[in-house]
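With the hints as your guide, set chain B onto chain A.
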Amino acid sequence: MPSRSNIQAELKPARKPAAAMIEIDHVSQTFQTSGRQNHLALSDISLTIEDGAFVSILGPSGCGKSTLLYIVGGFVNPTQGLAKVKGRAITGPGPDRGPVFQEFALFPWKSVLGNVMYGPRQQGVRPAEAEAQSRALIEMVGLKGFEDFYPKELSGGMKQRVALARTLAYHPAVLLMDEPFGALDAHTRTRLQNDLLNIWERDRKTVLFVTHSVEEAVFLSDKVVMLTRGPGRIRQIVDIDLPRPRRRTELLLDPRYQKYLVDIERMFDDADENELPP
Amino acid sequence: MISARAVLARATPVLACLGLLAVWQATSLVLNNDSFPTAIEAIRAIPLILGDKEALINILASLRRMAIGFGVAVAMSIPLGLMMGRSRTVASFFNPLLMVIYPVPKAALMPIIMLWLGVGDIAKTLVIFLGVSLPVIYHSFAGAKAVEEKMLWSGAAMGLSAAQRMTRIVLPAALPEILTGCRTGLVLALITMITSEMIARQSGAGNILFNALDMGQYDTVFAMIIIVGAMGIGLDALFEKMRARLVKWSEPQFDIPVSFS
Numbered sequence: 004m005p006s007r008s009n010i011q012a013e014l015k016p017a018r019k020p021a022a023a024m025i026e027i028d029h030v031s032q033t034f035q036t037s038g039r040q041n042h043l044a045l046s047d048i049s050l051t052i053e054d055g056a057f058v059s060i061l062g063p064s065g066c067g068k069s070t071l072l073y074i075v076g077g078f079v080n081p082t083q084g085l086a087k088v089k090g091r092a093i094t095g096p097g098p099d100r101g102p103v104f105q106e107f108a109l110f111p112w113k114s115v116l117g118n119v120m121y122g123p124r125q126q127g128v129r130p131a132e133a134e135a136q137s138r139a140l141i142e143m144v145g146l147k148g149f150e151d152f153y154p155k156e157l158s159g160g161m162k163q164r165v166a167l168a169r170t171l172a173y174h175p176a177v178l179l180m181d182e183p184f185g186a187l188d189a190h191t192r193t194r195l196q197n198d199l200l201n202i203w204e205r206d207r208k209t210v211l212f213v214t215h216s217v218e219e220a221v222f223l224s225d226k227v228v229m230l231t232r233g234p235g236r237i238r239q240i241v242d243i244d245l246p247r248p249r250r251r252t253e254l255l256l257d258p259r260y261q262k263y264l265v266d267i268e269r270m271f272d273d274a275d276e277n278e279l280p281p
Numbered sequence: 002m003i004s005a006r007a008v009l010a011r012a013t014p015v016l017a018c019l020g021l022l023a024v025w026q027a028t029s030l031v032l033n034n035d036s037f038p039t040a041i042e043a044i045r046a047i048p049l050i051l052g053d054k055e056a057l058i059n060i061l062a063s064l065r066r067m068a069i070g071f072g073v074a075v076a077m078s079i080p081l082g083l084m085m086g087r088s089r090t091v092a093s094f095f096n097p098l099l100m101v102i103y104p105v106p107k108a109a110l111m112p113i114i115m116l117w118l119g120v121g122d123i124a125k126t127l128v129i130f131l132g133v134s135l136p137v138i139y140h141s142f143a144g145a146k147a148v149e150e151k152m153l154w155s156g157a158a159m160g161l162s163a164a165q166r167m168t169r170i171v172l173p174a175a176l177p178e179i180l181t182g183c184r185t186g187l188v189l190a191l192i193t194m195i196t197s198e199m200i201a202r203q204s205g206a207g208n209i210l211f212n213a214l215d216m217g218q219y220d221t222v223f224a225m226i227i228i229v230g231a232m233g234i235g236l237d238a239l240f241e242k243m244r245a246r247l248v249k250w251s252e253p254q255f256d257i258p259v260s261f262s
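Keeping their order, the protein sequence lines are chains A and B.
Sequential numbering of the first sequence, starting at 4, is according to this note's numbering.
Sequential numbering of the second sequence, starting at 2, is according to this note's numbering.
None of these hints come from the bench; they were simulated from the model.
Heads up, simulated DSSO-like pairs for lysine-lysine below, C-alpha to C-alpha not over 27 Å straight-line:
#	chain 1	residue 1	chain 2	residue 2
1	A	Lys-147	B	Lys-249
2	B	Lys-249	B	Lys-151
3	A	Lys-113	B	Lys-242
None of these values were measured; they are calculated from a predicted model.
Next up, chain A with everything else stripped away, as it sits in the complex (with noise of 0.2 Å):
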């Protein structure tokens, strides 16, 4: 079976015909340097989201990809550019756009249910109506029985799960994860890639996540955008058209995945060799 790369950023959609939830529009940021110089960290993006889709931004590190999902949550302004959520410009962080980072960023002075009723709360939801969802959040990720522990009794792969529940306990439109797995060991790892796909399969927000696995990207995406190494630019977006709900025992057998796998792996090989200096 081909595959289904394509250099185009919009390409047929995998399910249903859906709204942009996230426009990119020549989107560059360029950041300076020490030494006063100026670093192009990402040069000229251009994406569209759409609403429901699993996107990841696969590239090696310095490429840029945190850059680009920071200014997709408006913790960054771009240098040059625009980015859109639903239409409407990113001028800053808001509910509808949650994080999750690779460092967790839990509030160490609240247990795990004060981390994830902290969001709810915040919008005005009523105490007992914020528990009560908190608690299955709670519940959802994992981790029934340690509402009470603060974060510093918990394990990483605990604390990204909590990380995981606060956010979703605003219900953000879109999902934004930097890197999420990225401290954690491999077998955490794969658990919390499993978990996140059972969770996801349920209301399939949007997701934006960064990652510099490509087994990962694979896995969980509906569609890979790679990166080229500083400045970042999009080299190739590659639809992953492996039906859901996926499971990795089967994935592992399944030709197209491991051709997926290989074929990116190739084209970050390539780049590789074409990139030395002459």
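What follows is chain B alone, placed relative to chain A:
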């Protein structure tokens, strides 16, 4: 069942104090000097001081000045330190000013302050205020600076305004560091309390001490030193209890158990 090791750990500070008193007693017996009373003579003088109404009023007046100076300093220094930690502009404005004031012994300013404000409560409270402010500002500054950016972003995504992020994320996240500064500030408050009264001799615990010194009542002098020391230990233990409750969520750090709590 408490293990022998735990009992020993609890008893160690008491043993250290008893040891110090024993060495004191022995040394003073050997030296046999009028200006160096034995530990027992000094301890005997303690109830005389604490039983004297005027002395008690003096000590309480000292503690009141200390509490006011400490309280006002903490209330003003924490917001300033937090703002310095989150805004480069605020930090670069205040940092040079504070760097000039920090190494100056605050009691050395006492004569000038007395010229302006007299020898009363205001001058002494102001000196305590100055002594407490700097460590609290610097620890709040360091604590606010170390707050993880992503934690603030998470709050912003939930809809917290900049002001809310300051009071509801930066403040609690920096609290362990702030309280470390307050603990240093508390000890400094006690020190500046005594030294301010040593210079502005009008009332207070320091006044009792130095009056006794002038009159050659050395047992009273040493009794006052013990009382001041005990106040320090007591206040620190009280503060530690409160601190441990407030930041029980924070990662454990290496504390030296200086208190009897």
